[in-house]
Amino acid sequence: MFKELDPILHSQLRLAVVSLLIGVKEAEFTFIREKTNATAGNLSVQVQKLKDAGYIEVTKQFKDNYPQTTCKITPKGIEAFEAYVQALQQYLKVGG
Amino acid sequence: MADEKKMTEQESLDLITNMIRKAKGSYHETGIGSLLWGTVVAIASFLTYFQRTYDFNIGFDIWLIVLAAIIPQIVISVREKRSTQVKKYEDDALNTVWLVFGISIFGLNFYQSIVPGVTADIIQQEGWQMTKNYLDGSKPDEILKPFPPSFYSLFILLYAFPTLVTGIVKQFKPMLFGAIIAYGLFICSCFTRSEYDWLLGGAAAIICWFIPGIILRRKYLAQQRKHV
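As they're listed, the protein sequences go chains A and B.
Under the numbering used here, think of the first position of the first sequence as 1, with each following residue one higher.
Under the numbering used here, think of the first position of the second sequence as 97, with each following residue one higher.
No lab work stands behind these hints: they were computed from the structure.
Check the hints yourself; a few may be wrong.
[Unchecked claim] With a Cα cut of at most 30 Å, we get these calculated BS3-like pairs of lysine-lysine:
| # | chain 1 | residue 1 | chain 2 | residue 2 |
| --- | --- | --- | --- | --- |
| 1 | B | K315 | B | K120 |
| 2 | A | K63 | B | K120 |
| 3 | A | K60 | B | K177 |
| 4 | B | K183 | B | K120 |
| 5 | B | K269 | B | K184 |
| 6 | B | K102 | A | K49 |
| 7 | B | K120 | A | K72 |
| 8 | B | K120 | A | K25 |
| 9 | A | K72 | B | K184 |
| 10 | B | K315 | B | K266 |
| 11 | A | K51 | A | K63 |
[Said to hold, decoys possible] Some but not every residue of chain A turned toward chain B, in silico, with C-beta under 10 Å:
| # | residue |
| --- | --- |
| 12 | H10 |
| 13 | A27 |
| 14 | E28 |
| 15 | F31 |
| 16 | I32 |
| 17 | K72 |
| 18 | F81 |
| 19 | Q89 |
Source: prediction; values computed, not measured.
Each residue gets a CB set at the ideal place from its N, CA and C atoms; glycine is no exception.
Just need the whole structure built from these sequences, with the hints factored in.
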C-alpha cells in the first residue's frame, strides 16, 4: 500500500521552502524569496500555510527599523519532510 | 515559482535536491575577520623576529595590536550577524571553536608570563638556580630565569587547530591546506632556533588566515555583485 503524499508538502513552492529550511538553522524571508524566485505575496501565503500546519516557525521582529521575518523548520516539519521523502522513494522504486 | 503546480515524484525529488544545494552554497563570509587576524598576527610575528634578530626595540609590545584587534573583530561580528540572511547549524559550533581558540591563546600568554617567574621563586626557595654553562669555558656562567623553550611553536600548533576544523566543516580547501601546512611549520619550528619560530608563525598566519581571507573576500564580493 502506498503512503499518500502529504498535500501540504506536495506543492512546488511549499516543498521548496521546506527543502531550503531543512538544511539550515533559520532563514530570512528575503533569502527564501530569492532562492525560490517567488513573489512576496505568493510566498507569504505559502509560508502561512506551512506555519498553520505546524511545519515551520515564523518570527517577526524589527532589524534596523525594518521588519524582518525569520523562518525555522519545526520537529513536526522535519518528521513530515522525512515521511514525504520516504513516500516519494516508494513511488519511484515502483515506477523505476 | 507557482504554488499549486502538480509535480511528478521525480520532479519533487529534483526540487528537493536543487533547494538543498542552493541552501548549501548560498552563504559566503565576508572574509574581513580572516584578513584582520592574518594581518595582525603576521605583522606581530615578523616584527618580533626582526627585533630579536637585528637587536632593536620599537618601544612597545607589538603583540598589543593583537589585543587591540579584538575591538574591530567585535564590530565585524555584529555587522556580519546583522547582514546574514541565513543561519546554518554549523555556525554556532564553529563560532565556539574560534572562541575556545581565543581563550587558549590568552591562556598560553598567561602561562608564558606567569610560569617562569613562579618557577624562579620555587627553585630559589629550594636553594638552587638555573645557570648557562659554556662547555668550552670561554665565558663565565650566567644565571638564567626559567623559560619554556621554543614556546612560539605551541602557538603555531594552536593556529592550525580552528583553521583545520573550519576547513573540514565548511569544506573550504584554502583553510584545510593552510592548516596542514601550519602543522608542517609547527614540526619545522621544533627543530629550528627559537627566533625562527616567529618567522614560521608569521608564515602560518598568512597561510591559515590571510590567504583564505582574500579568497573569501573575493567570493563574497562576487556574490554581492550578482545581487546588484
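Tested hints:
1. With a C-alpha separation of about 15 Å, the suggested pairing of K315/B with K120/B holds against the 30 Å cut-off.
2. For the proposed pair K63/A and K120/B, the alpha carbon gap of about 25 Å is at most 30 Å, so the pair holds.
3. Pair hint K60/A plus K177/B holds up; C-alpha atoms about 17 Å apart against a cutoff of 30 Å.
4. Between K183/B and K120/B the CA atoms are separated by roughly 11 Å; this keeps the pair inside 30 Å, and the hint holds.
5. Only pairs whose Cα atoms come within 30 Å are accepted, and K269/B paired with K184/B is accepted, the gap being roughly 19 Å.
6. Between K102/B and K49/A the alpha-carbon distance is near 17 Å, which keeps this suggested pair within the 30 Å criterion.
7. A C-alpha spacing of about 16 Å is found between K120/B and K72/A, which places the hinted pair at or below 30 Å, so the restraint holds.
8. The suggested pairing of K120/B with K25/A holds, with an alpha-carbon distance near 12 Å, which does not exceed 30 Å.
9. Simply put, K72/A and K184/B have alpha-carbon atoms about 11 Å apart, close enough for the 30 Å limit, and the pair holds.
10. A distance of roughly 14 Å separates the Cα atoms of K315/B and K266/B; the hinted pair therefore holds under the 30 Å criterion.
11. Our distance criterion of 30 Å between C-alpha atoms is met by K51/A and K63/A, whose separation comes to about 22 Å.
12. Given hint, H10/A at the interface with chain B, holds; its Cβ is 7 Å from that chain's nearest Cβ, closer than 10 Å.
13. Taken as an interface hint, A27/A checks out: its beta carbon lies about 4 Å from the nearest beta carbon of chain B, inside 10 Å.
14. Using the Cβ-Cβ criterion of 10 Å, the hint placing E28/A at the interface with chain B is satisfied: the shortest such distance is roughly 4 Å.
15. Given hint, F31/A at the interface with chain B, holds; its Cβ is 4 Å from that chain's nearest Cβ, closer than 10 Å.
16. Because the closest C-beta pair between I32/A and chain B is about 9 Å apart, less than 10 Å, the hint holds.
17. Among the interface hints, the one on K72/A holds; its C-beta lies about 9 Å from the nearest C-beta in chain B, closer than the 10 Å criterion.
18. At about 9 Å, the closest approach between the beta carbon of F81/A and any beta carbon in chain B falls short of 10 Å, and the interface hint on this residue holds.
19. Because the smallest distance between the Cβ of Q89/A and any Cβ of chain B comes to about 8 Å, under 10 Å, the interface hint for this residue holds.
Comparing the model with each earlier hint shows no violations; every hint is respected.
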